[in-house]
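Start from the sequences and build out the full structure, keeping to the hints where you can.
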Amino acid sequence: AQSVSQHNHHVILSEAASLELGCNYSYGGTVNLFWYVQYPGQHLQLLLKYFSGDPLVKGIKGFEAEFIKSKFSFNLRKPSVQWSDTAEYFCAVNAETGGFKTIFGAGTRLFVKA
Amino acid sequence: DAGVIQSPRHEVTEMGQEVTLRCKPISGHNSLFWYRQTMMRGLELLIYFNNNVPIDDSGMPEDRFSAKMPNASFSTLKIQPSEPRDSAVYFCAIDRGNTGELFFGEGSRLTVL
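Protein sequence lines correspond, in order, to chains A and B.
655 is the number of the first residue of the first sequence in our numbering; add one for each residue after it.
1449 is the number of the first residue of the second sequence in our numbering; add one for each residue after it.
Since the hints were made in silico from the structure, they are not lab data.
In this text the structure is predicted, and so the values were computed from the model without any measurement.
Virtual Cβ for every residue (Gly too), placed ideally from N, Cα, C.
Possibly wrong hints are sitting among the right ones.
Unchecked claim - Quick list of simulated restraints, FRET-style, between CB atoms: (1) B:1503 / A:699: 20 to 28 Å; (2) A:715 / B:1511: 40 to 48 Å; (3) B:1514 / A:707: 40 to 48 Å; (4) B:1455 / A:750: 45 to 53 Å; (5) A:716 / B:1561: 37 to 45 Å; (6) A:733 / B:1486: 12 to 20 Å; (7) A:662 / B:1532: 26 to 34 Å; (8) A:716 / B:1532: 25 to 33 Å.
Here you go:
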């Protein structure tokens, strides 16, 4: 079945640690890829997106993601996390083979210790 | 810029009651989506509309759920009768350019007792 998989459900890091959150999808063909962040009690907000071009995408707040087509992956990274990055992070895919619906992964809850 | 206004923000109701959640896009869009978020199931797509027409309602859990979009500026999600397992946060989101990039509302937190 077509899906979006996030590898980690919970991640705990100390401030200044590096972050990498994995995301894999199973859709073929053209895909648009997204990472969203949801701070506690708030709605989802876009962190970054990939439509085409440079597979290394830079987003807000120092986040970046790399699209590796051969691996069907779109991992999120940040070199040095801050306490304020504590949130839930969602990978999402919009694909032609998925009927152009934006489908979300299960989310990864990140807790950053001060 | 949420792009979408949802109401009510919070609703507490009793099992069996009808619940109507509202969504008002405040900017242009092509598609409108209703998602449900729970701890157990994460973010589930319930239904989406394109140019006010329902395109895919395969995520609507049961016949108790229905959604309408009478015009480009308004959509409703109705649950009748409601059950405790419907307790969740319901998000409305819009896609402004058919790219899949979504702009979410603040959500409606529903508690069914």
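Taking the hints in turn, this is what the structure says about them:
{"no.": "1", "hint": "B:1503 / A:699: 20 to 28 Å", "result": "25 Å, holds"}
{"no.": "2", "hint": "A:715 / B:1511: 40 to 48 Å", "result": "43 Å, holds"}
{"no.": "3", "hint": "B:1514 / A:707: 40 to 48 Å", "result": "41 Å, holds"}
{"no.": "4", "hint": "B:1455 / A:750: 45 to 53 Å", "result": "34 Å, violated"}
{"no.": "5", "hint": "A:716 / B:1561: 37 to 45 Å", "result": "43 Å, holds"}
{"no.": "6", "hint": "A:733 / B:1486: 12 to 20 Å", "result": "33 Å, violated"}
{"no.": "7", "hint": "A:662 / B:1532: 26 to 34 Å", "result": "30 Å, holds"}
{"no.": "8", "hint": "A:716 / B:1532: 25 to 33 Å", "result": "41 Å, violated"}
In this structure, the earlier hints numbered 4, 6 and 8 are contradicted, and the remaining ones agree with it.
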